[in-house]
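Line order of the protein sequences matches chains A and B.
The first sequence finishes on residue 383 if you use full-length UniProt numbering, and the numbering steps up by one all the way, no holes.
The second sequence finishes on residue 383 if you use full-length UniProt numbering, and the numbering steps up by one all the way, no holes.
Hints are computed from structural coordinates only; laboratory data are not their basis.
Only true hints are included.
Partial list, computed: chain B residues near chain A (C-beta under 7 Å):
1. M67
2. M133
3. L156
4. N166
5. G184
6. H188
7. Q203
Computed, partial: chain A to chain B, Cβ under 8 Å:
8. P66
9. M67
10. L156
11. A160
12. N166
13. L170
14. V181
15. A183
16. Q201
Taking CB as the label site, the calculated pair distances span:
17. A:Q81 x B:A369: 53 to 63 Å
18. A:V329 x B:P281: 48 to 58 Å
19. A:R349 x B:E220: 48 to 58 Å
20. A:P84 x B:A362: 49 to 59 Å
Everything numeric in this text was worked out from a predicted model, so none of it was measured.
Backbone N, C-alpha and C fix where the C-beta goes; we use that ideal spot for every residue, glycine too.
Listed here are the chains, written in short residue letters.
Number of protein chains: 2
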Amino acid sequence: MTDIREHDAHVADTRDSRANGEGTSVVARPEQAPTAPADDVPALLDHGRTLCTPVLREAVARLAAPMDAVSAYHFGWTDAQGNPTNADSGKAVRPALALLSARAAGAPASVGVPGGVAVELVHNFSLLHDDLMDRDETRRHRATVWTVFGPAQAILVGDAMFALANEILLEAPGHGTTTAVDAGRAVHRVTVATRKLIDGQAQDLSFEHRDRVGVEECLEMEGNKTGALLAVSASIGAVLAGMDDKGADALERYGYHLGLAFQAVDDLLGIWGDTEVTGKPNFGDLRARKKSLPVCAALAEDNKASRRLAELLADPEGRGDEDEEQLAVRAALIEEAGGRAWTAEEARRQHKTALAALDEVAMPSSVRAQFAALAEFVVVRER
Amino acid sequence: MTDIREHDAHVADTRDSRANGEGTSVVARPEQAPTAPADDVPALLDHGRTLCTPVLREAVARLAAPMDAVSAYHFGWTDAQGNPTNADSGKAVRPALALLSARAAGAPASVGVPGGVAVELVHNFSLLHDDLMDRDETRRHRATVWTVFGPAQAILVGDAMFALANEILLEAPGHGTTTAVDAGRAVHRVTVATRKLIDGQAQDLSFEHRDRVGVEECLEMEGNKTGALLAVSASIGAVLAGMDDKGADALERYGYHLGLAFQAVDDLLGIWGDTEVTGKPNFGDLRARKKSLPVCAALAEDNKASRRLAELLADPEGRGDEDEEQLAVRAALIEEAGGRAWTAEEARRQHKTALAALDEVAMPSSVRAQFAALAEFVVVRER
Numbered sequence: 001m002t003d004i005r006e007h008d009a010h011v012a013d014t015r016d017s018r019a020n021g022e023g024t025s026v027v028a029r030p031e032q033a034p035t036a037p038a039d040d041v042p043a044l045l046d047h048g049r050t051l052c053t054p055v056l057r058e059a060v061a062r063l064a065a066p067m068d069a070v071s072a073y074h075f076g077w078t079d080a081q082g083n084p085t086n087a088d089s090g091k092a093v094r095p096a097l098a099l100l101s102a103r104a105a106g107a108p109a110s111v112g113v114p115g116g117v118a119v120e121l122v123h124n125f126s127l128l129h130d131d132l133m134d135r136d137e138t139r140r141h142r143a144t145v146w147t148v149f150g151p152a153q154a155i156l157v158g159d160a161m162f163a164l165a166n167e168i169l170l171e172a173p174g175h176g177t178t179t180a181v182d183a184g185r186a187v188h189r190v191t192v193a194t195r196k197l198i199d200g201q202a203q204d205l206s207f208e209h210r211d212r213v214g215v216e217e218c219l220e221m222e223g224n225k226t227g228a229l230l231a232v233s234a235s236i237g238a239v240l241a242g243m244d245d246k247g248a249d250a251l252e253r254y255g256y257h258l259g260l261a262f263q264a265v266d267d268l269l270g271i272w273g274d275t276e277v278t279g280k281p282n283f284g285d286l287r288a289r290k291k292s293l294p295v296c297a298a299l300a301e302d303n304k305a306s307r308r309l310a311e312l313l314a315d316p317e318g319r320g321d322e323d324e325e326q327l328a329v330r331a332a333l334i335e336e337a338g339g340r341a342w343t344a345e346e347a348r349r350q351h352k353t354a355l356a357a358l359d360e361v362a363m364p365s366s367v368r369a370q371f372a373a374l375a376e377f378v379v380v381r382e383r
Numbered sequence: 001m002t003d004i005r006e007h008d009a010h011v012a013d014t015r016d017s018r019a020n021g022e023g024t025s026v027v028a029r030p031e032q033a034p035t036a037p038a039d040d041v042p043a044l045l046d047h048g049r050t051l052c053t054p055v056l057r058e059a060v061a062r063l064a065a066p067m068d069a070v071s072a073y074h075f076g077w078t079d080a081q082g083n084p085t086n087a088d089s090g091k092a093v094r095p096a097l098a099l100l101s102a103r104a105a106g107a108p109a110s111v112g113v114p115g116g117v118a119v120e121l122v123h124n125f126s127l128l129h130d131d132l133m134d135r136d137e138t139r140r141h142r143a144t145v146w147t148v149f150g151p152a153q154a155i156l157v158g159d160a161m162f163a164l165a166n167e168i169l170l171e172a173p174g175h176g177t178t179t180a181v182d183a184g185r186a187v188h189r190v191t192v193a194t195r196k197l198i199d200g201q202a203q204d205l206s207f208e209h210r211d212r213v214g215v216e217e218c219l220e221m222e223g224n225k226t227g228a229l230l231a232v233s234a235s236i237g238a239v240l241a242g243m244d245d246k247g248a249d250a251l252e253r254y255g256y257h258l259g260l261a262f263q264a265v266d267d268l269l270g271i272w273g274d275t276e277v278t279g280k281p282n283f284g285d286l287r288a289r290k291k292s293l294p295v296c297a298a299l300a301e302d303n304k305a306s307r308r309l310a311e312l313l314a315d316p317e318g319r320g321d322e323d324e325e326q327l328a329v330r331a332a333l334i335e336e337a338g339g340r341a342w343t344a345e346e347a348r349r350q351h352k353t354a355l356a357a358l359d360e361v362a363m364p365s366s367v368r369a370q371f372a373a374l375a376e377f378v379v380v381r382e383r
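Looking at chain A on its own, in the form it has when it is part of the complex:
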């Protein structure tokens, strides 16, 4: 599962030569660089995958046919015909956070495994459903499940993954040192996060029908859609290891702000990312009329570019049929209005807040350094 993906995890300035001839990075390296060496992150992500993937595979194998096969395709373990492959399964940031959080509580990383598997299942349940709702045809350089197996399978397999997530957590007391009460606490946190994630998707969908969305509304939506699940990812291993709610809440705050930083970068990549690297279509978010952070921030400015952008977005003419050139004009206007710079700065602000939350929890310094390295990885990436 880990052989072809080292290149994904490198931590380096992200250069975008397509939309920005000057080659500035999407997000510059934060001023307060973490102390852990940057090359720790691929090992950290690999470790998460190595421990969690067998349990994830065993969980998915429980599903009735053809849901097991559809899941294996979605996770990149097989192609559409069922032949084994080693395709992209995603960055696996969430399982890595879950294992780290177990170690933050002084437990072995393995105690966090049911948590890592659960959050990865919830994340992928949301991807399966969101891709269908958004009619996205590609993810991780491959055709999305609903385009290959039909909408019904995308719905059903998503539902099954959501149920499996709870099942795996509730079985934790049978295998490890986790108590039934702590497993229940973990399920509660995952449930609340999943509800927020669904609220966030509802808000995101409703934004597409509006000409203008405030920056605060957009941040609330992104906090729900991305922050909540990363928050619980960063606390769930600790909860399974018996950490009290005060500590777990602080870890959640780290994960929540990490999520907002992550999403700000995602929004930049959704407009200015290199489609070859991201695996997502060119100007995908603009084509879908997503009111992502750069768009909302641009519209919040009062300048010539923002007014022109508002006119274009309000114009019902050619709605949804914009060609590449028209989308490039919009991307340029967003940048000119200041939306790109504001979003990059917001990513840095959220990154800083995430690091501050870490300081509220006592944990081994090596674990703290790895949390910090993961945070930098999330902010400085090109996919």
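The hints should help you fit chain B onto chain A, whose structure is shown.
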């Protein structure tokens, strides 16, 4: 919520004057009639609705717009424009079972309320998704959510109801006498049942692409799709009230076989039910090429009618475009082959097995009589 629905709950022989000129009932009254007076059932269902609906409404009100409004439409509380209505919310058998099961454990019915709300939410989550997957345009005499609000809302609101179900259960220890451990046990049972329900839907969908499905396979699918959630409905109140697993398992067996009886009747109504009463389209199951129990049982026979039916089902000509007359021919062949009689007999067998499971649990005799009355209601109904 209860004013216009008393007629739904009557327990009487079900006559089908459309597909069967002789006016025989879909399922004759079981030989072993329960001791409770039949007119208890409407009161039982009303009681379940009265206690559970306010909590259900409060839960749904937590959802971000427009999911709260979509849910209110789905439950029949509002019309598509959001005006209050008192439309059909379903029979509410599951909440009634949940409250009864709390009483079986010697607790007040109110202890079962979070359980009743949770199973009702899971049931309606599955309806929202199944209607979309099956492209069903009507439910309970009204347009289905996906036809009114679009597929994305049907997916999203279903997801939200699933998450809410767990949320409500996990909050139970905060309000009533339920302990955190018992709430965790309840969530575990609901999770396992939901996974089975999803497996059952996957099997059901896969059957549509096959010409022939064995009776045993069909019963396994129906046990997953319908039996599992009715099983947990009949035990969840008891679990929340602290009943041990042995007693809860026996209550689940009652609910499971009740579910199989329920589904056998549903399959009969899906072909021979009066569309005016069921709110479902004429010959709906045949049009969708559902391999329901009467179809599987008919094909399992070796006679002239079953062979002719097999030919028609295997013929790719006009697949999915059959007119009312062609569907009526198939319905007649199923009956002639023996599929209708076998299914009615199977409903009686499952009903008997359900009652036998009740005898394994000590409970107040009035509760036992009401469980029995509910079982009869399920078997002898016309919608």
